[in-house]
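Participant: Residue numbers (UniProt numbering), protein chains in the order written: chain A, 1 to 232; chain B, 1 to 232; chain C, 1 to 232; chain D, 1 to 232.
Because the hints were derived from the structure by calculation, they are not lab data.
One or more of the hints may lead you astray.
Since the list gives no way to pick one copy over another, a pair counts as held whenever it fits inside one copy or between any two copies.
Below, in silico cross-link-like pairs of lysine-lysine (DSSO-like), each with a Cα-Cα straight-line distance of 27 Å or less [stated by the list, open to error]: (1) Lys77 to Lys221; (2) Lys160 to Lys210; (3) Lys52 to Lys18; (4) Lys52 to Lys155; (5) Lys155 to Lys18; (6) Lys210 to Lys52; (7) Lys52 to Lys160; (8) Lys221 to Lys52; (9) Lys84 to Lys210; (10) Lys221 to Lys181; (11) Lys210 to Lys77; (12) Lys18 to Lys210; (13) Lys181 to Lys52; (14) Lys18 to Lys84; (15) Lys18 to Lys221; (16) Lys155 to Lys210.
4 protein chains.
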Amino acid sequence: MYTTLQDECYEANMQLPKLGLVLFTFGNVSAVDRGRGVFAIKPSGVPYALLKPSDMVICDYEARVVAGTLRPSSDTKTHALLYKTWSDIGGITHTHSTYAVAWAQAGLDIPLFGTTHADHTHHDIPCAPVLTDAMIQGDYEHETGNQIINAFRDKSLSHKEVEMVLLQNHGPFTWGDTAEKSVYNAAVLEEIARMAHLTLQLNADTQRLKDTLCQKHYQRKHGTDAYYGQGC
Amino acid sequence: MYTTLQDECYEANMQLPKLGLVLFTFGNVSAVDRGRGVFAIKPSGVPYALLKPSDMVICDYEARVVAGTLRPSSDTKTHALLYKTWSDIGGITHTHSTYAVAWAQAGLDIPLFGTTHADHTHHDIPCAPVLTDAMIQGDYEHETGNQIINAFRDKSLSHKEVEMVLLQNHGPFTWGDTAEKSVYNAAVLEEIARMAHLTLQLNADTQRLKDTLCQKHYQRKHGTDAYYGQGC
Amino acid sequence: MYTTLQDECYEANMQLPKLGLVLFTFGNVSAVDRGRGVFAIKPSGVPYALLKPSDMVICDYEARVVAGTLRPSSDTKTHALLYKTWSDIGGITHTHSTYAVAWAQAGLDIPLFGTTHADHTHHDIPCAPVLTDAMIQGDYEHETGNQIINAFRDKSLSHKEVEMVLLQNHGPFTWGDTAEKSVYNAAVLEEIARMAHLTLQLNADTQRLKDTLCQKHYQRKHGTDAYYGQGC
Amino acid sequence: MYTTLQDECYEANMQLPKLGLVLFTFGNVSAVDRGRGVFAIKPSGVPYALLKPSDMVICDYEARVVAGTLRPSSDTKTHALLYKTWSDIGGITHTHSTYAVAWAQAGLDIPLFGTTHADHTHHDIPCAPVLTDAMIQGDYEHETGNQIINAFRDKSLSHKEVEMVLLQNHGPFTWGDTAEKSVYNAAVLEEIARMAHLTLQLNADTQRLKDTLCQKHYQRKHGTDAYYGQGC
Numbered sequence: 001m002y003t004t005l006q007d008e009c010y011e012a013n014m015q016l017p018k019l020g021l022v023l024f025t026f027g028n029v030s031a032v033d034r035g036r037g038v039f040a041i042k043p044s045g046v047p048y049a050l051l052k053p054s055d056m057v058i059c060d061y062e063a064r065v066v067a068g069t070l071r072p073s074s075d076t077k078t079h080a081l082l083y084k085t086w087s088d089i090g091g092i093t094h095t096h097s098t099y100a101v102a103w104a105q106a107g108l109d110i111p112l113f114g115t116t117h118a119d120h121t122h123h124d125i126p127c128a129p130v131l132t133d134a135m136i137q138g139d140y141e142h143e144t145g146n147q148i149i150n151a152f153r154d155k156s157l158s159h160k161e162v163e164m165v166l167l168q169n170h171g172p173f174t175w176g177d178t179a180e181k182s183v184y185n186a187a188v189l190e191e192i193a194r195m196a197h198l199t200l201q202l203n204a205d206t207q208r209l210k211d212t213l214c215q216k217h218y219q220r221k222h223g224t225d226a227y228y229g230q231g232c
Numbered sequence: 001m002y003t004t005l006q007d008e009c010y011e012a013n014m015q016l017p018k019l020g021l022v023l024f025t026f027g028n029v030s031a032v033d034r035g036r037g038v039f040a041i042k043p044s045g046v047p048y049a050l051l052k053p054s055d056m057v058i059c060d061y062e063a064r065v066v067a068g069t070l071r072p073s074s075d076t077k078t079h080a081l082l083y084k085t086w087s088d089i090g091g092i093t094h095t096h097s098t099y100a101v102a103w104a105q106a107g108l109d110i111p112l113f114g115t116t117h118a119d120h121t122h123h124d125i126p127c128a129p130v131l132t133d134a135m136i137q138g139d140y141e142h143e144t145g146n147q148i149i150n151a152f153r154d155k156s157l158s159h160k161e162v163e164m165v166l167l168q169n170h171g172p173f174t175w176g177d178t179a180e181k182s183v184y185n186a187a188v189l190e191e192i193a194r195m196a197h198l199t200l201q202l203n204a205d206t207q208r209l210k211d212t213l214c215q216k217h218y219q220r221k222h223g224t225d226a227y228y229g230q231g232c
Numbered sequence: 001m002y003t004t005l006q007d008e009c010y011e012a013n014m015q016l017p018k019l020g021l022v023l024f025t026f027g028n029v030s031a032v033d034r035g036r037g038v039f040a041i042k043p044s045g046v047p048y049a050l051l052k053p054s055d056m057v058i059c060d061y062e063a064r065v066v067a068g069t070l071r072p073s074s075d076t077k078t079h080a081l082l083y084k085t086w087s088d089i090g091g092i093t094h095t096h097s098t099y100a101v102a103w104a105q106a107g108l109d110i111p112l113f114g115t116t117h118a119d120h121t122h123h124d125i126p127c128a129p130v131l132t133d134a135m136i137q138g139d140y141e142h143e144t145g146n147q148i149i150n151a152f153r154d155k156s157l158s159h160k161e162v163e164m165v166l167l168q169n170h171g172p173f174t175w176g177d178t179a180e181k182s183v184y185n186a187a188v189l190e191e192i193a194r195m196a197h198l199t200l201q202l203n204a205d206t207q208r209l210k211d212t213l214c215q216k217h218y219q220r221k222h223g224t225d226a227y228y229g230q231g232c
Numbered sequence: 001m002y003t004t005l006q007d008e009c010y011e012a013n014m015q016l017p018k019l020g021l022v023l024f025t026f027g028n029v030s031a032v033d034r035g036r037g038v039f040a041i042k043p044s045g046v047p048y049a050l051l052k053p054s055d056m057v058i059c060d061y062e063a064r065v066v067a068g069t070l071r072p073s074s075d076t077k078t079h080a081l082l083y084k085t086w087s088d089i090g091g092i093t094h095t096h097s098t099y100a101v102a103w104a105q106a107g108l109d110i111p112l113f114g115t116t117h118a119d120h121t122h123h124d125i126p127c128a129p130v131l132t133d134a135m136i137q138g139d140y141e142h143e144t145g146n147q148i149i150n151a152f153r154d155k156s157l158s159h160k161e162v163e164m165v166l167l168q169n170h171g172p173f174t175w176g177d178t179a180e181k182s183v184y185n186a187a188v189l190e191e192i193a194r195m196a197h198l199t200l201q202l203n204a205d206t207q208r209l210k211d212t213l214c215q216k217h218y219q220r221k222h223g224t225d226a227y228y229g230q231g232c
């Protein structure tokens, strides 16, 4: 029934340990099938080495299990709300990768310091504020999704131009056109976070990259006249 | 005679180099058999690559060798006292993992800065003070166990809610329901220690995670209504 | 036609992920054939695992594609200008390696603190200033080459004595007699950058290595009476 | 003729890349045959992947080549003087490992902060001062050996109790009863250097480990009543 979607989801999840982004059962990736209005997601608390494609749980945008025998990731409601709200994303990744978590725990946006960052977005990586007590004690994982969406609205950011966010005191969520792309963004975010951390240690007064260079690097890869890559 | 216990102990020890937690002969894991009142522990000073299951030494709660031809870990008396005092733990791990040792050498508790930490315990990771000269010159490894137990009593901590400790100027001890779980906790502690270190470098005034979120993450994984994992 | 050159270029590119200097499609290496006046370079945006020697694109010193079906690296014009200007270099490497990028983002030259650095050059590693807006909005990648060449001219540095540079807010470029040597220099630069970073964390007032020792280490490896290596 | 000695030297050298202590051709290990008054050492500038046991060069205590077709390490005179002066050491290792070099570049002794350090020596790791200009411009590598020996004499340290040293602005030398033990010490030194660096970042006022605990850990492993290891 959902074999192709489960395969895509499984392959993307298995990239997380290979890229050094997760320990034990930490992290999860989902992949959506827009035509059928469902997404596949990693089951909760299963080690990567034991995962099989058929273990991927199928859910709808209300986070209800549609198919699968295992319990889905405890973060499923966050994925569901992001898919429901941002109808043009194809995959979502959540990790507790070390440097991204450090920035989230410090409660700071990651400043745009160089072209590695600008190649992927021309904005700082936003850190959404910690949830209110009411949100935490309410429908927590659903509210986590709301907090991400609210942060993008409050900062007037486009989720197509910034495919990554930190959630204060928690860690990163990334997304993209496909599950694989969301994993790619998770790895890029971790590297950007590490570079920015080291930069501030060398020079605490480092200035943000000037806008002309931000735009140049972002547009040569993502603009209408992009010339990075093979154009396919 | 003790084959199953030795196998469990051996498998858990062999995880330490795979997880990057030990160098050469550093570190040791033990596994207890509560029915027989004995535990198996790594022999002293043997490289991991040369270990065999039958090398695991069997000791009782007074740290006396019951079976085995090799000398047990020099830290055996610490393990013995913890098993004797905390009758509901099943395995113990000691490492000199880098970031946990750095916190121990700095003599600081690891503050609870985020959900990665709260997923495992809702308390700071305690750093038990360095032993007194009398303790060091007395029955040192036995007193090391006492120092850990005293720290938990003095801080009113439950060893079931906090399965990890730093010993000042030395390094971490972790435990759990099984030897494997104690190794898992050793790896999680090292990662929490690293994240907290990086967090303070980014923002020296980082505040502890607020209690509602601590409780939420701890309870969703460990509470009576836990919904993390597969419930088995 | 260009098989030997493509093989050399391919082999050098494939060293980058092995040496931990690149993530995904980041980075590129080129190799020049001085007799024919062309160089081979990595195609743009292709993952290393998918590269084949025949994918290497052949370009001339004006960055025009001479042979190959793929689009060359977006940094091709920078390589072309360096080959055109510095007629005695044989290969060029560009990476976004972590510590070199951190120094570039901080906008700082890497000070010569020890013999690891002096073994490779007796100068600080220069950080060429960020491009002007006119350069960025003009022929950006060509101007990137100009900025490197200008920095060497302004600082009276020889590109034979200093085979590496940082470009502010961007990252490192390295070169050498061969493509392989340029990759070697990229790895050495990353290690020098990491050592210098750690040195300043330990002692913010660390002084530059004294000149007698700079000269000794550089000359024993690169001088007319060099005695490092096998002399072949 | 020297096959056993060359094999011992080769095996010890090949541990360096496996332990992550060297890049490319950096570093060298030697092994001595006290009966014959010669030592085997890595040839200069040969990558580890290309080394063969028969490449190890045989030298006497005056650093003269006794057997072998390749040029010996450029650091051979340093090894020779240490063997000549300290007649009870069996092997020597020199690396440019990252954290040890950082301490050497910062010109600082590594303070004894914990039991990981005390398990190996009960002294700070000394940093021998940078050579004078006369020493550098004279017989440099021989004087490097003198500087190490002088530092031990000036600080009243025993080379049997402290089997490691930093040379300011350069890097670490370690030794031991065998070549293999000297490599072991090189890896331990790198780990101690990293732990001490992280400790100071967490608490710049960290105090040195108290002497009772230094002695306890050193003696339980190295004293006359040592009980660490299998006593063989």
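Participant: Evaluate each hint against the coordinates.
Facilitator: Against the structure, the hints come out as follows:
Taking the shortest alpha-carbon separations for Lys77 and Lys221, only the inter-copy value of 16 Å comes in at or below 27 Å, while the best intra-copy value is 32 Å. Within a single copy, Lys160 and Lys210 get their C-alpha atoms as close as 22 Å, which meets the 27 Å cut-off; across copies the closest is 32 Å, which misses it. Taking identical chains as interchangeable, the C-alpha atoms of Lys52 and Lys18 lie at most 27 Å apart whether they share a chain (16 Å) or sit on different chains (23 Å). For a Cα distance limit of 27 Å, the shortest separation of Lys52 from Lys155 qualifies neither inside one copy, at 39 Å, nor across copies, at 44 Å.
With identical chains, the CA atoms of Lys155 and Lys18 are never at most 27 Å apart, being 33 Å at best within one copy and 40 Å at best between copies. Within a single copy, Lys210 and Lys52 get their C-alpha atoms no closer than 46 Å, and across copies no closer than 37 Å, so neither meets the 27 Å cut-off. With identical chains, the CA atoms of Lys52 and Lys160 are never at most 27 Å apart, being 31 Å at best within one copy and 32 Å at best between copies. With identical chains, the CA atoms of Lys221 and Lys52 are at most 27 Å apart between copies only, with a shortest distance of 23 Å across copies and 35 Å within one.
Proximity of Lys84 to Lys210 under the C-alpha cut-off of 27 Å is found in neither arrangement, the shortest distances being 35 Å within a copy and 29 Å between copies. Taking the shortest Cα distances, Lys221 and Lys181 sit within 27 Å of each other inside one copy (15 Å), while across copies they are farther apart (29 Å). Taking CA atoms no more than 27 Å apart as the test, Lys210 paired with Lys77 passes between copies only; the shortest distance there is 22 Å, against 38 Å inside one copy. In this assembly of identical chains, the alpha carbons of Lys18 and Lys210 never lie at most 27 Å apart, being 34 Å within a copy and 33 Å across copies at closest.
Within a single copy, Lys181 and Lys52 get their C-alpha atoms as close as 21 Å, and across copies as close as 23 Å, so both meet the 27 Å cut-off. With identical chains, the CA atoms of Lys18 and Lys84 are never at most 27 Å apart, being 30 Å at best within one copy and 40 Å at best between copies. For the identical chains of this complex, Lys18 and Lys221 are neighbours both inside a copy (26 Å) and across copies (25 Å), given an alpha-carbon limit of 27 Å. Taking the shortest alpha-carbon separations for Lys155 and Lys210, both the intra-copy value of 19 Å and the inter-copy value of 24 Å come in at or below 27 Å.
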